[in-house]
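Asks: Numbering follows numbering that gives the first Met the number 0, in which position 211 of the sequence shown is assigned residue number 210; successive positions increment by one, without gaps.
I should point out that these hints are in silico values taken from the structure, not numbers from a laboratory. Remember, predicted model here, so these are calculated numbers, not experimental data. It is possible that part of the hints are untrue.
[As the list claims (entries may be wrong)] Below, simulated BS3-like cross-link-like pairs (lysine-lysine); rule was C-alpha separation at most 25 Å, straight line:
1) Lys226 with Lys132
2) Lys384 with Lys88
3) Lys298 with Lys226
4) Lys86 with Lys112
5) Lys88 with Lys155
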Amino acid sequence: MYRENLYPSEQEVVIQVNVIKMIQKKSMGSLFGRLLLLSFLILCFSCNKGSLDKESVLIKEELSFQLDTVFIDPTQSSQIGFIQISKDKIFYVDQAYGFVEEFTLEGESGGVKKRELDGPDELQGISELVVKKDGYMIRHDWMFYHYDFDWKFLGKSNFQSPATVSFQELQENPKGEYIEMYELEHYSAKTVQIPGGFLVTKIDVEHPLFNAFTTREYYREARVLGKINPFDGEVVEILGARPKTYEEYAFVPFHSKFDFHWTGTDRIYMTYEVDSMIYVYDPSWNLIERFGAAGKNMKTDYEESQILEVAFDTDLYRYSRKNMGYYKDVFVDEQNGLVFRTYRQGTDQQDLWDETYNPLRLQIFKDGQLVGDHPVPGRFRILGKIGERYVADGLFDERNEQQGFYLMTIN
0 MYRENLYPSE QEVVIQVNVI KMIQKKSMGS LFGRLLLLSF LILCFSCNKG
50 SLDKESVLIK EELSFQLDTV FIDPTQSSQI GFIQISKDKI FYVDQAYGFV
100 EEFTLEGESG GVKKRELDGP DELQGISELV VKKDGYMIRH DWMFYHYDFD
150 WKFLGKSNFQ SPATVSFQEL QENPKGEYIE MYELEHYSAK TVQIPGGFLV
200 TKIDVEHPLF NAFTTREYYR EARVLGKINP FDGEVVEILG ARPKTYEEYA
250 FVPFHSKFDF HWTGTDRIYM TYEVDSMIYV YDPSWNLIER FGAAGKNMKT
300 DYEESQILEV AFDTDLYRYS RKNMGYYKDV FVDEQNGLVF RTYRQGTDQQ
350 DLWDETYNPL RLQIFKDGQL VGDHPVPGRF RILGKIGERY VADGLFDERN
400 EQQGFYLMTI N
């Protein structure tokens, strides 16, 4: 496990300046002194440009947690849906029946707040529920429906991209910078509102000449996040790229996914499925730092290929998701200097129903240092914090027809 800070601290700079002054004063008149000064400057430069501060290769288990379950009893339940939080409220979204129901932290219902085809906006479905500073947004496929905090409809917009190049250029010479190539990423979708009011969402590209199955440039140039104007749905900027770790593989199209957390201080934490590191960027995508630790007993001998036919190999896709190890979701608690990341270990068991049965573990980092690595339920995903407890989605018990959410308390 290691952490890399790409910028020297103030204390480091002061120490270096003082040492330089001392060398200049004591021995600048001699050849030895000049060589000593040159050697020190080279050392300082190399240390400040990405030197690795290796803290430990052993995990010291300092933080543990208590996981409590809160069951809810929705008006209807297909058990196809998800949990979202807003301040001290819990929302259960049933995607099959198409409604949003509010609950308290104790699991008491506050009633259904929104249904499909309810009202003048004619909501057609619910892919995501996004909490904004001035209300809520429901995304259904490529449409954004906006509401205030009382669920009054404010308007809707459609995900769209500006035309930056000709259609022929887009077809014959695709490049990672062409905004109109991108579409919404539907696997583990995530849309959030960032400081400044824009929406940011996961994006992907599936172009015959630019894709994860046959194109090396995809792994080097494809952007991963789209910044969207919430009023008209237009993509105003595409951000990011995948790390150089992907150069270690030929093509791993079923493990090109990622997750992000955009904090209130405009820090972007990124985790990628094949990379044990967590990368921290500023909004201009300058790398601030990176830290991480490899998961325990992960299966990472990924199937590599370079043929488009792999896209239609459902058996390989299922095996990649159900049986291989990969890093998954990231959540940041800036106030307490904590970063949480889940990962799937992989398994040789062949009769798993889906990837949620692939063993899942939760890493906890404190100021970049790994301080915990624990098993968690297969659908566990931290959503946010209410009071001193973290709220997590993923409590579905199909056998007993129960669902709810988790409350996690750090010990």
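Asks: Next, verify each hint and record whether it holds.
Replies: Evaluated hints:
1. In summary, the hint linking Lys226 to Lys132 is supported, as the alpha carbons are separated by about 16 Å, within the 25 Å threshold.
2. Of the pairs offered as hints, the one joining Lys384 and Lys88 holds, with about 11 Å between alpha carbons and a cut-off of 25 Å not exceeded.
3. Of the pairs offered as hints, the one joining Lys298 and Lys226 is violated, with about 34 Å between alpha carbons and a cut-off of 25 Å exceeded.
4. Only pairs whose Cα atoms come within 25 Å are accepted, and Lys86 paired with Lys112 is accepted, the gap being roughly 16 Å.
5. Straight-line distance between C-alpha atoms of Lys88 and Lys155 comes to about 24 Å, which keeps the hinted pair within the 25 Å bound.
Going down the numbered hints, you'll see the structure goes against just number 3.
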